[in-house]
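K.L.:
Okay, here's what each chain looks like letter by letter:
Protein chains: 4
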Amino acid sequence: MFFASDNTGPMHPAVAQAMVAADAGYHPSYGADPIMDGVRAQIREIFEVPEAAVYLVATGTAANALALATMTKPWDAVFCTPLAHINVDECHAPEFYTGGAKLSLVGDGDKMTPDQLRARIEGWTKGDVHTSQRGPLQLTQVTEMGRLYQLEELRALTGVAREYGLPTFMDGARFTNALVALDCTPAEMTWKAGIDALSFGGTKNGCAGVEAVIFFDPAHAWEFELRRKRGAHLFSKHRYLSAQMQGYLTDGAWLEAARAANANAARLAAGLRDMPGLEFVEEPEANMIFATLPRREHQRLQAGGAVYGLWGDLEGDPDERIMMRLVTDWSMTHELIDDFLALALG
Amino acid sequence: MFFASDNTGPMHPAVAQAMVAADAGYHPSYGADPIMDGVRAQIREIFEVPEAAVYLVATGTAANALALATMTKPWDAVFCTPLAHINVDECHAPEFYTGGAKLSLVGDGDKMTPDQLRARIEGWTKGDVHTSQRGPLQLTQVTEMGRLYQLEELRALTGVAREYGLPTFMDGARFTNALVALDCTPAEMTWKAGIDALSFGGTKNGCAGVEAVIFFDPAHAWEFELRRKRGAHLFSKHRYLSAQMQGYLTDGAWLEAARAANANAARLAAGLRDMPGLEFVEEPEANMIFATLPRREHQRLQAGGAVYGLWGDLEGDPDERIMMRLVTDWSMTHELIDDFLALALG
Amino acid sequence: MFFASDNTGPMHPAVAQAMVAADAGYHPSYGADPIMDGVRAQIREIFEVPEAAVYLVATGTAANALALATMTKPWDAVFCTPLAHINVDECHAPEFYTGGAKLSLVGDGDKMTPDQLRARIEGWTKGDVHTSQRGPLQLTQVTEMGRLYQLEELRALTGVAREYGLPTFMDGARFTNALVALDCTPAEMTWKAGIDALSFGGTKNGCAGVEAVIFFDPAHAWEFELRRKRGAHLFSKHRYLSAQMQGYLTDGAWLEAARAANANAARLAAGLRDMPGLEFVEEPEANMIFATLPRREHQRLQAGGAVYGLWGDLEGDPDERIMMRLVTDWSMTHELIDDFLALALG
Amino acid sequence: MFFASDNTGPMHPAVAQAMVAADAGYHPSYGADPIMDGVRAQIREIFEVPEAAVYLVATGTAANALALATMTKPWDAVFCTPLAHINVDECHAPEFYTGGAKLSLVGDGDKMTPDQLRARIEGWTKGDVHTSQRGPLQLTQVTEMGRLYQLEELRALTGVAREYGLPTFMDGARFTNALVALDCTPAEMTWKAGIDALSFGGTKNGCAGVEAVIFFDPAHAWEFELRRKRGAHLFSKHRYLSAQMQGYLTDGAWLEAARAANANAARLAAGLRDMPGLEFVEEPEANMIFATLPRREHQRLQAGGAVYGLWGDLEGDPDERIMMRLVTDWSMTHELIDDFLALALG
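Protein chains in written order, with UniProt numbering: chain A, 1 to 346; chain B, 1 to 346; chain C, 1 to 346; chain D, 1 to 346.
If we strip away everything but chain A, and leave its shape as in the complex, we get (with noise of 0.2 Å):
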């Protein structure tokens, strides 16, 4: 009963069979495959800008790492919020892509308002040689605690950040499992919310390791290939990524995907609803579930096979309360959830 993450699973079955169909024969190599034109354009017609920029890496942190460094001078901070993954999972990844820009935490937790981002941004003075220098609004979408920005929500921050020239980058490791969430396009959730730049997810959500790069503003696009190589994350056998990618966008079955994955969270959260003890930290919105439970609770679980997040020891006083995350992917079944939530409801 793994629940540990959206990582640990296989790949759906249209990417597993795009790869295979693209294992065949000669491909030019560093991204001139013809399977990447048409990613391209499949991806520049699902966000409905036909000049975006579009590449592909291996790794969210790569993904975010290079966009950020793009827009990003190494004097300026990058506005996220402190739980925002490029902050505390990528070991230092943009701080090192950007040549040693600071991230300036907004807020406390996993989203920020456009008054607590107002105030951070307007903490650093403009033109004073001595501070960090105003750089780009970072949003993850999904939040690192399985919440969702709404339309509105997404516009007034990028709003604060327009009226400061400040551009905007969305880390969507989970962008698809936001977009099903809220019913919007694609194009609503980015460019026409204001984001200039962003990761969209491919491998948490069915994918090997492919994440894209599109800059809806092409500007970017030779400095991001140069960023790109030097950071070592062009393929040679880029087919490999494209064809992922191909097979994910292929008759909807990276938002068949999601759908799958947010359902199993339903489908979880509504069982653990009725858990004795059980407390969600955050109401469950996309894929992932964080509750806190006594740890004696969670002895009892993973003793009986249960594996996922658990923020703290699983040996301590026994009535304390720890936080749980749960993560679902397209992948497990109604058998898998319902052995948990007996095991959990016991």
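These are computed hints drawn from the structure, not numbers from a lab. Misleading hints may appear alongside valid ones.
Treat identical chains as interchangeable: a pair holds within one or across any two.
Under the rule of at most 25 Å between Cα atoms (straight-line distance), these lysine to any residue pairs were calculated in the SDA-like manner [as the list claims (entries may be wrong)]:
id : residue 1 : residue 2
1  : K126      : R325
2  : K73       : G107
3  : K126      : A32
4  : K73       : F216
5  : K126      : L105
6  : K126      : E188
7  : K126      : V307
8  : K126      : M323
9  : K73       : M323
10 : K73       : A263
11 : K73       : D89
12 : K126      : D108
13 : K126      : L226
14 : K126      : V88
15 : K126      : I322
Given the coordinates of chain A, work out where chains B, C and D should sit on it, guided by the hints.
P.N.:
Chains B, C and D alone, transformed into the frame defined by chain A:
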């Protein structure tokens, strides 16, 4: 008729099958997958070093840059040839990952001699705070011009490094092509010849995108892990890297693929010896052929459908000799080679 | 009436005289001047550490950034307060020199408590490759708000760092102002209180531009020398740095200057207590005063010729309280202070 | 008898006097001192560029590295000679400040020719993401071997750079020595000869530690200011940099000092022509002399109290010729030179 590179062909069947086999069920992420445990054990056995530190990344540039960065201080000189891949084909990834080390060029081609190396090392005065400090020796095997360092050459060069207390690194993007050409053991071509760390290539010899970084002394292991994550090269669904390497190493697929690639190059070279006007730049020793031809011959070959690397423009003085690079891999058929030869010998 | 900073006044006569005295004849360059030998010996004696490594640079930011970089890996978190000079006034010099370390902010002001420090350290899980690694503790003495860490506060904070095996660094841009205020020895305020390395400021206390970097354990000496040269902070005509520090340390000029500066601040603060509407933000403890006044009072003071730091615009709601910073140095006369007080109380 | 460098002598009296004069009263910090306003105006007038951006730093390496970083992307090649100070004497400051640019070496000595430059530029294929991109041309005037680029040589080299759209930078650590030797105007030796930015040296010609960075096109001004602060090279008590440059430029002190230095070298060289066994490596053109002598002669000179740079060990085969460097500055007396000549010819 594609001879542009050994990164344009498909996966070796053993690799592709391992990928498919790995694509089922739950696997812990970030390198904790059990397939990686097997890969680590296999590599340790193949290299006869039970404690070696073994890691996987997806690109050769990542393997080189991360391994070198672990061995190099920002103020160090890395000793390599002017034609080294790290010098001419990695868009400053080594400088980026080392934080500004300098590539100090030895000799004037793809190979260096002990005397050239010694002279260059002596060129940086030990203990002088103003100059580059003496850092690692880097050697590429197979070289960038398709040649080999014989074991005694390797030992002589690493011996010079050892005299000065300098570590040694081998870029083995085509490691196995060299190995089967020299008909020696992996240990003989590496640590027994004085090599401290190795990029052990898979991508160019039948994998989709995987290279192992091997430190024969595991002292650097944790630093390498931090550098890999910070460089955004740690795969979440790491099983798909592990599986490639597993398939590659199982039942001698790696050796078989390299032998086939080298044999294809030999067949090609043998035929080309009869081509009027063709001159080998270096005697081919592995799976790459460098040769010059009058431009008119290149025009004829490319018009006939041949694709390969060309140093210079296709248009110009028809009598001027320009250099071509032909690369073979395991997937090329005798028929393909013979078709090319038929065209060449016309 | 200039109270904007302690970097706007002239050299202390003892420093100026030493500069003039050094300005004759031949001196070896790059720190090999005999004056530096004397300075090194003086500092070792003052700090009671015969083997301390001692270096000079020209700016406080250089001292901080180079010292920290020597103690910090690029993937480390440096623990400091949000108001730390290294966080808000150095334009990412720490991030630049460390190669991308993160400043992990402790507390919400200019001082931190042991509990706050411990919580922040615990926030970065040891051995987790994804997050920041735990790096050095940084403390500023005098703090950026003009306050002091008492010796027992220093010992408590460094004790927490020691528990986790973390090194400690003190930004002592106003070291001597703190020293004379606490009336302790340099050893008591540094290594006896658990400090491993120190920026020992000269510039703000009567020098033209010189700071010593002191490592009580000389293990880092050579790396520091390389970092200083690579950062372009090694002076060729080093005698002019040495001479400043020599003059500063001779016959107690440094202590005398700091006592005068602190006494000037005390005189100023004593007078201001009678100013209607003025509120100290923190009780002044050294040579800086932070206070709030209604904007109309600032308008009146600045119209009257007073120059000082102001947090906020001079134009706006006349009743709004905004913060001022007044800084004194040794060179200010009682007359100047009394003139300002006459204006203020006027 | 000290001829080791032009960084071992005292300040020129005009500089020392300006320092003393500046050392009184209040001055705004960080470059806002009124002395700097005068210096900026003086330099703009001297170079005949009213809009030039002018900044001061304390070391030549800082001037070079910061100026180059402003003109260079991390993936660019900087074209310079193998003997360039930036290549051999700055401990990777250029690589550090540029974020990993590569110094691409042109020619095999201290000067390059247009053909050598063109060949090296052509060696990096435009638009190839794998290789270095083409960056600025760097020239040192006076060269590191004491030679001059004639104006037509400068124009020819910058003309090649211009053809490729590349910016040009002059390391003028000994700018004035070259200027008076060529008897031309500062404008003629810089922007009229195609130079875009300049390190205008003061330290080696009578200052304590100051270099101006001049951009003839001020487009880069703000970025330079950020880089200077981030590099920790912005002085708080900036007046002491300004004053040096003010004294240096007033009443022709800079020209007088350089003429004296060059005349001293000429006197020394004239005498040495009669020394048996001495051979000039290059004909001296400014204030440096490079010559070879049998080792036994070096042993005799150094035993006699002469101090100078030596390429090689003082111990060894007495007949082996090794190279010496003799450098003169304005402060050396005829008597000192004649004493040395008496010893040499003795």
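K.L.:
Is it within, between, both, or neither for K126 and A32, if the alpha carbons may be no more than 25 Å apart?
P.N.:
Between copies only: 18 Å across chains, 42 Å inside a chain, cut-off 25 Å.
K.L.:
My question is about K126 and M323: at a cut-off of 25 Å on alpha-carbon distance, are they close within one copy, between copies, both, or neither?
P.N.:
This pair counts as between: shortest inter-copy Cα distance 19 Å, intra-copy 40 Å.
K.L.:
Is the C-alpha distance from K126 to R325 at most 25 Å within one copy, between copies, in both cases, or in neither?
P.N.:
Classified as between; 20 Å across copies, 40 Å inside a copy.
K.L.:
Classify it for me, K73 with D89: is the Cα-Cα distance of at most 25 Å met within a copy, between copies, both or neither?
P.N.:
both (21 Å within a copy, 17 Å between copies)
K.L.:
Since the copies are identical, ignore which copy is meant and state whether K73 and G107 lie within 25 Å (CA to CA) inside a copy, between copies, both or neither.
P.N.:
within (23 Å within a copy, 28 Å between copies)
K.L.:
Between K126 and L226, at a C-alpha cutoff of 25 Å, which is it: within one copy, between copies, both, or neither?
P.N.:
Between copies, since 12 Å is at most 25 Å while 30 Å is not.
K.L.:
Under a CA distance limit of 25 Å, which applies to K126 and D108: within one copy, between copies, both, or neither?
P.N.:
both (24 Å within a copy, 22 Å between copies)
K.L.:
Have a look at K126 and V88 and pick one of within, between, both or neither, based on CA distance no larger than 25 Å.
P.N.:
This pair counts as between: shortest inter-copy Cα distance 13 Å, intra-copy 27 Å.
K.L.:
From the Cα coordinates, with 25 Å as the cut-off, is the pair K126 and E188 best called within, between, both, or neither?
P.N.:
Close neither inside one copy (31 Å) nor across copies (38 Å); limit 25 Å.
K.L.:
How would you label the pair K126, I322 (within, between, both, or neither) given a Cα cut-off of 25 Å?
P.N.:
Between copies, since 19 Å is at most 25 Å while 42 Å is not.
K.L.:
From the Cα coordinates, with 25 Å as the cut-off, is the pair K73 and F216 best called within, between, both, or neither?
P.N.:
both (19 Å within a copy, 24 Å between copies)
K.L.:
Between copies, within a copy, both or neither: which fits K126 and L105 at Cα up to 25 Å?
P.N.:
Result: close both inside a copy and across copies, 18 Å intra and 22 Å inter.
Hint compliance for this structure: hints 6, 9, 10 are not met, and every other hint is.
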